[in-house]
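Numbering (this note's numbering), first residue to last: 1 to 125.
Think of the hints as simulated: they come from the structure by calculation, not from any bench. No experiment lies behind these values; they were computed from the predicted model shown. Heads up, some of the hints might be wrong.
[Claimed, not checked] Derived DSS-like pairs (lysine-lysine); straight-line CA-CA distance at most 27 Å:
#1 Lys62 to Lys21
#2 Lys93 to Lys16
#3 Lys88 to Lys22
[As the list claims (entries may be wrong)] If you anchor each label on the Cβ, the simulated ranges turn out as follows:
#4 Leu117 to Trp64: 11 to 21 Å
#5 Asn17 to Asp61: 41 to 51 Å
#6 Ile104 to Trp79: 13 to 23 Å
#7 Gly84 to Val120: 30 to 40 Å
#8 Thr2 to Ile112: 20 to 30 Å
#9 Asn17 to Met55: 48 to 58 Å
#10 Ala92 to Met58: 35 to 45 Å
By construction, the Cβ of each residue, glycine as well, lies at the ideal position given by its N, Cα and C atoms.
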Amino acid sequence: MTTFDTLFFHFFQYYKNKKNKKANSIAIFYISVLQIALVLLLGIFFAGFSRQMHMNTMSSDKAWTLFAIMGIFVYFKNWIQYSGRKRKVLNAKNLKNKKLTYNIWLLWFLPIVVLALAFVLYQAV
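Assemble the whole structure, with the sequences as input and the hints as a guide.
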(Lines of atoms letter the chains of each structure in order from A; the text may use other names.)
(Lines give C-alpha, C1' and ligand atoms only; values in the text may rest on other atoms or scores of the structure.)
Protein backbone atom coordinates (compact mmCIF):
# COMPACT_ATOMS: atom_id res chain seq x y z
CA MET A 1 0.00 0.00 0.00
CA THR A 2 1.19 3.45 -0.84
CA THR A 3 1.16 6.48 1.42
CA PHE A 4 -1.92 7.81 -0.32
CA ASP A 5 -3.73 4.51 0.26
CA THR A 6 -2.89 4.70 3.94
CA LEU A 7 -4.10 8.29 4.19
CA PHE A 8 -7.27 7.42 2.29
CA PHE A 9 -8.15 4.57 4.62
CA HIS A 10 -7.38 6.63 7.68
CA PHE A 11 -9.83 9.27 6.49
CA PHE A 12 -12.32 6.64 5.43
CA GLN A 13 -12.25 4.91 8.82
CA TYR A 14 -12.44 8.20 10.70
CA TYR A 15 -15.45 9.52 8.79
CA LYS A 16 -17.15 6.13 8.49
CA ASN A 17 -18.07 6.34 12.16
CA LYS A 18 -19.30 9.94 11.91
CA LYS A 19 -20.79 10.26 8.41
CA ASN A 20 -21.41 6.77 7.11
CA LYS A 21 -22.67 7.54 3.61
CA LYS A 22 -20.30 10.44 2.88
CA ALA A 23 -17.10 8.81 4.20
CA ASN A 24 -15.89 7.61 0.82
CA SER A 25 -16.60 10.96 -0.86
CA ILE A 26 -14.76 12.88 1.86
CA ALA A 27 -11.75 10.58 1.69
CA ILE A 28 -11.62 10.78 -2.13
CA PHE A 29 -11.88 14.58 -1.95
CA TYR A 30 -9.03 14.76 0.58
CA ILE A 31 -6.67 12.51 -1.39
CA SER A 32 -7.47 14.33 -4.63
CA VAL A 33 -6.83 17.76 -3.11
CA LEU A 34 -3.55 16.55 -1.61
CA GLN A 35 -2.35 15.04 -4.88
CA ILE A 36 -3.43 18.07 -6.92
CA ALA A 37 -1.63 20.37 -4.47
CA LEU A 38 1.53 18.28 -4.84
CA VAL A 39 1.23 18.43 -8.65
CA LEU A 40 0.86 22.21 -8.40
CA LEU A 41 3.93 22.47 -6.17
CA LEU A 42 6.02 20.36 -8.54
CA GLY A 43 4.74 22.29 -11.56
CA ILE A 44 5.66 25.63 -10.03
CA PHE A 45 9.07 24.30 -9.04
CA PHE A 46 9.82 23.04 -12.56
CA ALA A 47 8.45 26.24 -14.11
CA GLY A 48 10.83 28.27 -11.96
CA PHE A 49 13.68 25.92 -12.75
CA SER A 50 13.09 26.12 -16.49
CA ARG A 51 12.82 29.91 -16.28
CA GLN A 52 16.19 30.07 -14.50
CA MET A 53 17.70 27.84 -17.18
CA HIS A 54 16.23 30.13 -19.88
CA MET A 55 14.14 27.38 -21.45
CA ASN A 56 10.95 28.48 -23.16
CA THR A 57 9.00 25.25 -23.31
CA MET A 58 5.42 26.26 -22.55
CA SER A 59 3.40 29.41 -22.12
CA SER A 60 1.69 30.21 -18.85
CA ASP A 61 -1.80 29.70 -20.29
CA LYS A 62 -0.92 26.28 -21.63
CA ALA A 63 0.64 25.31 -18.30
CA TRP A 64 -2.52 26.28 -16.37
CA THR A 65 -4.65 24.38 -18.88
CA LEU A 66 -2.44 21.33 -18.44
CA PHE A 67 -2.74 21.69 -14.66
CA ALA A 68 -6.55 21.79 -14.89
CA ILE A 69 -6.57 18.67 -17.07
CA MET A 70 -4.20 16.94 -14.63
CA GLY A 71 -6.47 17.91 -11.72
CA ILE A 72 -9.51 16.40 -13.41
CA PHE A 73 -7.51 13.28 -14.25
CA VAL A 74 -6.30 12.88 -10.66
CA TYR A 75 -9.81 13.21 -9.27
CA PHE A 76 -11.30 10.65 -11.65
CA LYS A 77 -8.37 8.28 -11.12
CA ASN A 78 -8.98 8.41 -7.38
CA TRP A 79 -12.73 8.07 -7.84
CA ILE A 80 -12.30 4.94 -9.94
CA GLN A 81 -9.57 3.49 -7.74
CA TYR A 82 -11.23 4.01 -4.36
CA SER A 83 -14.86 3.40 -5.26
CA GLY A 84 -14.68 -0.12 -6.56
CA ARG A 85 -13.39 -3.54 -5.84
CA LYS A 86 -9.82 -2.41 -5.23
CA ARG A 87 -10.94 -0.29 -2.25
CA LYS A 88 -12.60 -3.31 -0.70
CA VAL A 89 -9.50 -5.46 -1.17
CA LEU A 90 -7.19 -2.76 0.21
CA ASN A 91 -9.60 -2.13 3.08
CA ALA A 92 -9.49 -5.81 4.01
CA LYS A 93 -5.69 -5.74 3.95
CA ASN A 94 -5.66 -2.54 5.99
CA LEU A 95 -7.92 -4.01 8.69
CA LYS A 96 -5.41 -6.80 9.31
CA ASN A 97 -2.69 -4.30 10.10
CA LYS A 98 -2.81 -2.23 13.23
CA LYS A 99 -4.42 1.15 12.75
CA LEU A 100 -2.24 4.20 12.47
CA THR A 101 -3.32 7.03 14.66
CA TYR A 102 -2.81 10.27 12.81
CA ASN A 103 -4.33 13.45 14.11
CA ILE A 104 -7.15 14.26 11.69
CA TRP A 105 -6.63 18.01 12.02
CA LEU A 106 -2.98 17.73 11.10
CA LEU A 107 -3.93 15.69 8.06
CA TRP A 108 -6.44 18.34 6.98
CA PHE A 109 -3.71 20.92 7.51
CA LEU A 110 -1.28 19.06 5.19
CA PRO A 111 -2.86 20.15 1.84
CA ILE A 112 -3.12 23.71 3.17
CA VAL A 113 0.60 23.70 3.95
CA VAL A 114 1.43 22.33 0.49
CA LEU A 115 -0.75 24.99 -1.16
CA ALA A 116 0.87 27.71 0.97
CA LEU A 117 4.30 26.42 -0.03
CA ALA A 118 3.24 26.48 -3.69
CA PHE A 119 1.99 30.06 -3.28
CA VAL A 120 5.27 31.18 -1.70
CA LEU A 121 7.25 29.45 -4.44
CA TYR A 122 5.01 31.03 -7.09
CA GLN A 123 5.67 34.48 -5.61
CA ALA A 124 9.41 33.81 -5.61
CA VAL A 125 9.38 32.74 -9.24
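Do the hints match the structure? See the list:
| no. | hint | verdict |
| --- | --- | --- |
| 1 | Lys62 to Lys21 | violated (38 Å) |
| 2 | Lys93 to Lys16 | holds (17 Å) |
| 3 | Lys88 to Lys22 | holds (16 Å) |
| 4 | Leu117 to Trp64: 11 to 21 Å | holds (18 Å) |
| 5 | Asn17 to Asp61: 41 to 51 Å | holds (45 Å) |
| 6 | Ile104 to Trp79: 13 to 23 Å | holds (22 Å) |
| 7 | Gly84 to Val120: 30 to 40 Å | holds (38 Å) |
| 8 | Thr2 to Ile112: 20 to 30 Å | holds (22 Å) |
| 9 | Asn17 to Met55: 48 to 58 Å | holds (50 Å) |
| 10 | Ala92 to Met58: 35 to 45 Å | holds (43 Å) |
In this structure, the one hint that does not hold is number 1.
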